[in-house]
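S.K.: Protein chains in written order, with the UniProt record's numbering: chain G, 1 to 148; chain E, 1 to 158.
Note that these hints are calculated values from the structure, not bench results.
Straight-line C-alpha distance at most 25 Å; calculated DSS-like pairs for lysine-lysine:
no. : chain 1 : residue 1 : chain 2 : residue 2
1   : E       : K98       : G       : K144
2   : G       : K90       : E       : K98
3   : G       : K90       : G       : K144
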Amino acid sequence: MTPLELNALVRQAHTDNNYDSLISMIPYARLIGIQCLRLGDDMVFRLPASQDNIGNPILPAIHGGVIAGFMEHSAMLHLVMFMEIPHLPKIIDFSIDYLRAGHYRDTYVQCQVWRQGRRVANVAITAWQTTQSEPIATARAHFKVDEP
Amino acid sequence: MSEQDMRARAERFLGALRHCQVLGMRVHEVRASGLTLLLPYSPHIVGNPETGVIHGGALSALLDTTCGISTVCVLPEFEICPTLDLRIDHMHAAEPGKDVYGFAECYRVTPNVIFTRGYAYQDDPAQPIAHVVGAFMRMGKGAQGDGLLKQQIQGGGQ
Chain G
1 MTPLELNALV RQAHTDNNYD SLISMIPYAR LIGIQCLRLG DDMVFRLPAS QDNIGNPILP
61 AIHGGVIAGF MEHSAMLHLV MFMEIPHLPK IIDFSIDYLR AGHYRDTYVQ CQVWRQGRRV
121 ANVAITAWQT TQSEPIATAR AHFKVDEP
Chain E
1 MSEQDMRARA ERFLGALRHC QVLGMRVHEV RASGLTLLLP YSPHIVGNPE TGVIHGGALS
61 ALLDTTCGIS TVCVLPEFEI CPTLDLRIDH MHAAEPGKDV YGFAECYRVT PNVIFTRGYA
121 YQDDPAQPIA HVVGAFMRMG KGAQGDGLLK QQIQGGGQ
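All chains should be built: construct the whole structure from the sequences, respecting the hints.
M.R.: If you want it as structure tokens, here you go:
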């Protein structure tokens, strides 16, 4: 996809308030089932409960890797949606703290871009289930944003 | 515990994790010094549809699982050890079409925490595509669901 095509896709999604085409272009996002909800100027990403995402069969709880992948992809989408990056950002590093068990229910994620330089962006990511003030995980990531 | 017993325990552990089955992960090698899992390449885990490079999230799942299961190499009995934190440094993109191996070892075991580290690679372990460090909590006896899962995974009448 050329930079122009990606930018057009993002503009169209904002206009229609429908981000399905942006989500569905990435196979991994379809595999785990990411959705996104626009709330005013905020974007909240949602991961509906799915049997296929379970890691701990006893609790049951979502696999930690799925929570990490969901948070990483949400950060990438957030950058593409709001920072006018003409191509998919590349992950440099990712650090996650697991604060509570991610139970078998819907999970939500919100992102905050703390700094976007010319080459690198720093994003803080929070994931929660019942209430945003009780996160199940927090993460931070650096992405390379300057070239495809 | 022999490496053969460790392998059997690691395989039962991995088999109990639904998401790992969905990704098709397998146990590649189990030694007292560490564990290697295999994540097969699949179009479902692609993160960049133009290049076919797999998503960082699939690597996170591989490395979280590898670090978590590597605890069987150091614990005499099976214990549920939830991930406390995980950090992944991406050295370079994975080559499309090729399987990924994840290696992890426990480099410090305390009564409460297990410190693990490892890396992901494709052809050459000396050229990793990602490095990982992660800490895991030891829940002690009587953790929720401990009994049943332990029975299933520990095996061998121990």
